[in-house]
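The hints should help you fit chain A onto chain D, whose structure is shown.
Line order of the protein sequences matches chains D and A.
The working numbering numbers the first residue of the first sequence as 147 and each following residue consecutively.
The working numbering numbers the first residue of the second sequence as 147 and each following residue consecutively.
It is possible that some hints are incorrect.
One copy or any two copies: either way a pair holds, since identical chains are not told apart in the list.
For lysine to aspartate or glutamate, the following EDC-like pairs were computed, each having C-alpha atoms within a straight-line distance of at most 20 Å [stated by the list, open to error]:
id : residue 1 : residue 2
1  : Lys353    : Asp268
2  : Lys338    : Glu194
3  : Lys235    : Glu187
4  : Lys244    : Asp226
5  : Lys314    : Glu194
6  : Lys203    : Asp339
7  : Lys244    : Glu194
8  : Lys235    : Glu197
9  : Lys244    : Asp268
10 : Lys314    : Glu197
11 : Lys235    : Asp268
12 : Lys235    : Glu194
13 : Lys244    : Glu197
14 : Lys235    : Glu341
15 : Lys203    : Glu169
16 : Lys188    : Glu169
17 : Lys203    : Glu352
18 : Lys338    : Glu352
19 : Lys203    : Glu341
20 : Lys203    : Asp226
Since the hints were derived computationally from the structure, they do not count as laboratory data.
Protein chains: 2
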Amino acid sequence: MRNIDYTLYLVTDRELMSCPTVEESVERAVGGGASVVQLREKSCSSREFYELAVRVKRITAALNVPLIINDRIDICLAADADGVHLGQKDIPCAAARKILGGDKIIGVSAALPEEARRAELDGADYLGVGAVFSTSTKSDTRPVTPEIIRQIRAAVSIPFVAIGGINKGNISQLCGLGINGAAVVSAVVAQKDIEAAAREMRAAAEKL
Amino acid sequence: MRNIDYTLYLVTDRELMSCPTVEESVERAVGGGASVVQLREKSCSSREFYELAVRVKRITAALNVPLIINDRIDICLAADADGVHLGQKDIPCAAARKILGGDKIIGVSAALPEEARRAELDGADYLGVGAVFSTSTKSDTRPVTPEIIRQIRAAVSIPFVAIGGINKGNISQLCGLGINGAAVVSAVVAQKDIEAAAREMRAAAEKL
Numbered sequence: 147m148r149n150i151d152y153t154l155y156l157v158t159d160r161e162l163m164s165c166p167t168v169e170e171s172v173e174r175a176v177g178g179g180a181s182v183v184q185l186r187e188k189s190c191s192s193r194e195f196y197e198l199a200v201r202v203k204r205i206t207a208a209l210n211v212p213l214i215i216n217d218r219i220d221i222c223l224a225a226d227a228d229g230v231h232l233g234q235k236d237i238p239c240a241a242a243r244k245i246l247g248g249d250k251i252i253g254v255s256a257a258l259p260e261e262a263r264r265a266e267l268d269g270a271d272y273l274g275v276g277a278v279f280s281t282s283t284k285s286d287t288r289p290v291t292p293e294i295i296r297q298i299r300a301a302v303s304i305p306f307v308a309i310g311g312i313n314k315g316n317i318s319q320l321c322g323l324g325i326n327g328a329a330v331v332s333a334v335v336a337q338k339d340i341e342a343a344a345r346e347m348r349a350a351a352e353k354l
Numbered sequence: 147m148r149n150i151d152y153t154l155y156l157v158t159d160r161e162l163m164s165c166p167t168v169e170e171s172v173e174r175a176v177g178g179g180a181s182v183v184q185l186r187e188k189s190c191s192s193r194e195f196y197e198l199a200v201r202v203k204r205i206t207a208a209l210n211v212p213l214i215i216n217d218r219i220d221i222c223l224a225a226d227a228d229g230v231h232l233g234q235k236d237i238p239c240a241a242a243r244k245i246l247g248g249d250k251i252i253g254v255s256a257a258l259p260e261e262a263r264r265a266e267l268d269g270a271d272y273l274g275v276g277a278v279f280s281t282s283t284k285s286d287t288r289p290v291t292p293e294i295i296r297q298i299r300a301a302v303s304i305p306f307v308a309i310g311g312i313n314k315g316n317i318s319q320l321c322g323l324g325i326n327g328a329a330v331v332s333a334v335v336a337q338k339d340i341e342a343a344a345r346e347m348r349a350a351a352e353k354l
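The shape of chain D in the complex, shown without the other chains (with noise of 0.2 Å):
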């Protein structure tokens, strides 16, 4: 599992989705080119998230993509998915490690050069970068420039994406600073026809 296709990584958010289900949004955005899925809940129950994280490891199983879970390395172990991603303020990344052996993919929010660096002596198997535009779906973000990317670049050997308020109107700005791929989150989610949206955005994730 871990030659990771980092091109187009899908956030979930069930607030901003467009359509009924985690699943749906999922299955239209991978169907459209979302080449990892990272599931992400902040207020459902322990027991909904595991439910939804089986479900949801069905449908990137079937379609081939790595599954993250956001945070709850108990719910990626239960539900057996490909990995977790945390941030700084989860579960530090060596603790995580150690439970989830080499097997399973750890990637870890760094927003500077430093903790780029500590994640990668960690462990972490990639970074998710941020954020570089500014979002509504994150609030305590500062942002990333992209002199603090390239230092990022210079200061780790692991993959990155980038990740906060990335959309069709802005993508080409993070061209040309070795990110290996671009997470999106209402780009994708929250637009009308997912699959298209996923389309446009993956064209323009390959142009990085």
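Coordinates of chain A only, in the frame set by chain D:
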């Protein structure tokens, strides 16, 4: 770790506690006779929960009582706590047992004989049965009558603690029902002298 003394089962509550830190309330309650500690955190970040669990584990290990983590199997593993307690809205017991293996304690909340039987079949080590009295710390609880407690006692062979609004004024009503211990929250941590309150509740719990 499986031969647990469930007599006085302390559940932490940051909002109700009378002293400044969770660590201090745990230390005092165990000093007064709490024989198991459950760390329950509902609103902090995973990182804070993890770091607190690591600190509390040091205390409970030194005092030789088991530490149980509410809901979060990943925090249990990362902090090397002794087990988890799972509500009916948390990850199902059978899935938790698969992740945790045989060495960690798993407790499950049960308010009905069928929930209790299911939990035992799914590998639970003990049950938390309640709410046995009305309580302000849980809003989604159904009343569990002495008759239901007797039915649960008849339905399973694993130990169980009663939980929900138990205090020095009502604990004697639980005598003779086959309960293995009393789980307490505000009757200990919200009292001015936590150690004295624990001592008093411990003496009463020994008569169950």
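Hint check against the structure, violated hint numbers in rising order: 1, 2, 5, 6, 10, 14, 17 and 18
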